[in-house]
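The residues making up each chain are set out below.
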Amino acid sequence: MRRSFAVGTGVRAGLCALSLLLVLTGPSRGVRAGDSDDDDMGLGAKFSLEAAATFNGRCTACHTYGNGIKVGPDLKGATERRKRDWLLKFIHASSGVIKSGDPTATALFAQFKQQRMPDWVDLSDKQINDILDYIAIGGPDIKPADERNAATATSAETDAGRKLFYGEIQTRYGAQACVNCHSVRGTGLRGGSLGPDLTGIYLRYQDLALTQFLRRTCISWKIETPPERYLTAKESFALKAFLRASAMPTRQSSDAAGNLPPHKEAGSYGK
Amino acid sequence: MGNNSLFALWPYIAVAILVVGTLLRYLLASQQPSLLAAEIADAKDAFRGRLFWLSIFVLVAGHVAGVLFPRAVLSWNSSIVGLYLLEGLAFAVGLTAVVGSASLIWRHLGRSSRSRVTDFFDTVFLAIVFTILVSGVLIAVFYRWGSSWGAMTLAPYVTSLVSSQPAVQLATQMPALVQLHVLATFAAIAVVPLTRLSTFLVAVVHGCTVLMGRSLRAIGNAATEWSRTHNPGSWFWPEED
Numbered sequence: 001m002r003r004s005f006a007v008g009t010g011v012r013a014g015l016c017a018l019s020l021l022l023v024l025t026g027p028s029r030g031v032r033a034g035d036s037d038d039d040d041m042g043l044g045a046k047f048s049l050e051a052a053a054t055f056n057g058r059c060t061a062c063h064t065y066g067n068g069i070k071v072g073p074d075l076k077g078a079t080e081r082r083k084r085d086w087l088l089k090f091i092h093a094s095s096g097v098i099k100s101g102d103p104t105a106t107a108l109f110a111q112f113k114q115q116r117m118p119d120w121v122d123l124s125d126k127q128i129n130d131i132l133d134y135i136a137i138g139g140p141d142i143k144p145a146d147e148r149n150a151a152t153a154t155s156a157e158t159d160a161g162r163k164l165f166y167g168e169i170q171t172r173y174g175a176q177a178c179v180n181c182h183s184v185r186g187t188g189l190r191g192g193s194l195g196p197d198l199t200g201i202y203l204r205y206q207d208l209a210l211t212q213f214l215r216r217t218c219i220s221w222k223i224e225t226p227p228e229r230y231l232t233a234k235e236s237f238a239l240k241a242f243l244r245a246s247a248m249p250t251r252q253s254s255d256a257a258g259n260l261p262p263h264k265e266a267g268s269y270g271k
Numbered sequence: 001m002g003n004n005s006l007f008a009l010w011p012y013i014a015v016a017i018l019v020v021g022t023l024l025r026y027l028l029a030s031q032q033p034s035l036l037a038a039e040i041a042d043a044k045d046a047f048r049g050r051l052f053w054l055s056i057f058v059l060v061a062g063h064v065a066g067v068l069f070p071r072a073v074l075s076w077n078s079s080i081v082g083l084y085l086l087e088g089l090a091f092a093v094g095l096t097a098v099v100g101s102a103s104l105i106w107r108h109l110g111r112s113s114r115s116r117v118t119d120f121f122d123t124v125f126l127a128i129v130f131t132i133l134v135s136g137v138l139i140a141v142f143y144r145w146g147s148s149w150g151a152m153t154l155a156p157y158v159t160s161l162v163s164s165q166p167a168v169q170l171a172t173q174m175p176a177l178v179q180l181h182v183l184a185t186f187a188a189i190a191v192v193p194l195t196r197l198s199t200f201l202v203a204v205v206h207g208c209t210v211l212m213g214r215s216l217r218a219i220g221n222a223a224t225e226w227s228r229t230h231n232p233g234s235w236f237w238p239e240e241d
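In order, the protein sequences belong to chains A and B. Under the numbering used here, the first residue of the first sequence carries the number 1, and numbering increases by one thereafter. Under the numbering used here, the first residue of the second sequence carries the number 1, and numbering increases by one thereafter.
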């Protein structure tokens with residue numbers, strides 16, 4: 001009986017095996033892509049996502065962007081029409097500016113049927129400046145980088161997509177490499193077979209549907225991470241470009257992905 | 001029971017059956033401690049098979065490591081050589097376990113013993129283990145690189161079970177074969193207290209209680225000795241000194 005109570009050699013061997021595994025594997029050594037702050041909207045436009053959300057939440061009820069007057073003036077070009085200091089003061093406390101007799105404010109007040117804009121006292125100067133930056137660079141007209149047609153991808157972007165697919169570079173939010181579950185032509189045995197072969201997926205879904213698809217997690221890869229934190233727009237676009245290249249009948253190189261003329265602008269990915 | 005409830009509740013039910021069943025078996029065994037040694041010998045004879053148990057141990061250790069260190073596994077698998085090595089080894093060990101399990105079942109069916117009920121549950125347990133092993137091997141064949149996608153899906157599922165917030169979608173979105181593998185594993189856990197293998201668990205519980213008893217006795221003796229030398233009563237009633 002007592003023999004069975006003793007810690008067996010098997011348990012010791014197990015602990016050794018686990019320790020060995022830890023020593024052998026060590027921390028991940030992948031290169032992280034997208035450490036820069038231009039991850040989400042691309043096309044050279046950099047703005048705070050919070051500013052866009054605040055703009056949508058607070059401004060669009062009374063203002064349009066490029067669609068004319070709603071309750072208040074059209075905000076397209078507002079940052080060119082007015083000085084930044086004046087806009088800051090007016091957004092913070094429009095009532096005070098009107099009361100102070102500011103000619104521009106009183107003129108606007110009269111023009112817009114004496115509709116008073118709420119005093120956004122809870123917004124900091126930085127938040128307002130971010131919103132104004134957002135308006136200045138195009139506001140809601142800015143399209144996310146992943147909505148670009150994959151045919152316009154540079155060879156660097158397609159190659160970045162290939163690296164993301166194979167896990168040679170890590171995604172910003174830690175989403176795992178597609179190759180763990182999927183294959184495309186050329187992956188050989190390296191590609192997983194839990195999910196479908198993605199070789200022809202670009203042709204099947206086309207650009208827009210694939211863009212939408214890549215915005216969702218295909219699997220809950222990390223429980224505590226919200227689904228919107230999956231791929232950045234640039235990563236999504238790069239993957240789409242790679243899937244497009246994989247879908248083409250002949251794959252000579254990443255920029256000869258089909259019969260569409262490749263764009264040769266100097267594109268870089270990640271760093 | 002829907003698929004979601006199955007993956008949310010069945011693991012807890014299985015573990016509860018294992019714990020309660022083992023304690024009941026322990027209480028029953030403590031009535032007749034002299035029989036325990038014979039039962040252990042009987043269980044050893046019924047489930048003997050060094051290669052089988054070694055392969056089971058390696059597989060269980062690998063799965064536990066995958067659950068505990070999924071990122072380490074993914075990092076290891078990021079090298080193609082590492083991936084092939086791990087999966088190849090796991091596949092070979094899995095096949096060995098399947099053969100060992102089949103041989104154990106074959107031997108078990110040709111064996112006569114005192115208790116038909118225990119025999120029945122031993123057979124059920126072995127059949128479940130066989131199912132787990134065969135499904136595992138088939139998963140390796142049909143759904144390549146389970147160590148990678150398992151680290152992304154099943155490891156967080158098991159972790160979510162431990163944290164009492166079962167993320168069932170991680171398991172329910174898996175193919176039927178994988179679901180069978182998972183559910184059968186918990187079924188095996190639930191059946192253990194009804195098999196001869198439970199005598200090993202009873203022995204472990206017995207060992208723990210003996211160790212605990214010894215420790216408590218040692219603490220008690222140390223406390224008595226300390227109070228004898230330091231006489232804490234004098235702190236409260238110094239005049240009595």
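Simulated from the structure, these hints should not be mistaken for laboratory data. Errors might be hidden in some of the hints.
[Claimed, not checked] Which residues of chain A face chain B? A partial, calculated answer using Cβ under 8 Å:
#1 T106
#2 L108
#3 R190
#4 G192
#5 I219
The structure presented is a predicted model; accordingly, all values stated were derived computationally and were not measured. Each residue gets a CB set at the ideal place from its N, CA and C atoms; glycine is no exception.
The hints, checked one at a time:
1. Hint on T106 (chain A) is violated. Least Cβ distance to chain B is approximately 58 Å, over the 8 Å limit.
2. Because the smallest distance between the Cβ of L108 (chain A) and any Cβ of chain B comes to about 52 Å, over 8 Å, the interface hint for this residue is violated.
3. Annotation: interface hint on R190 (chain A) holds; nearest CB of chain B at approximately 6 Å, less than 8 Å.
4. Hint status for G192 (chain A) relative to chain B: holds, with the closest Cβ pair at about 4 Å, below 8 Å.
5. Interface hint status for I219 (chain A): upheld, as the beta-carbon distance to the closest one in chain B is roughly 6 Å, under 8 Å.
Taken one by one, the earlier hints fail for this structure at numbers 1, 2, listed in ascending order.
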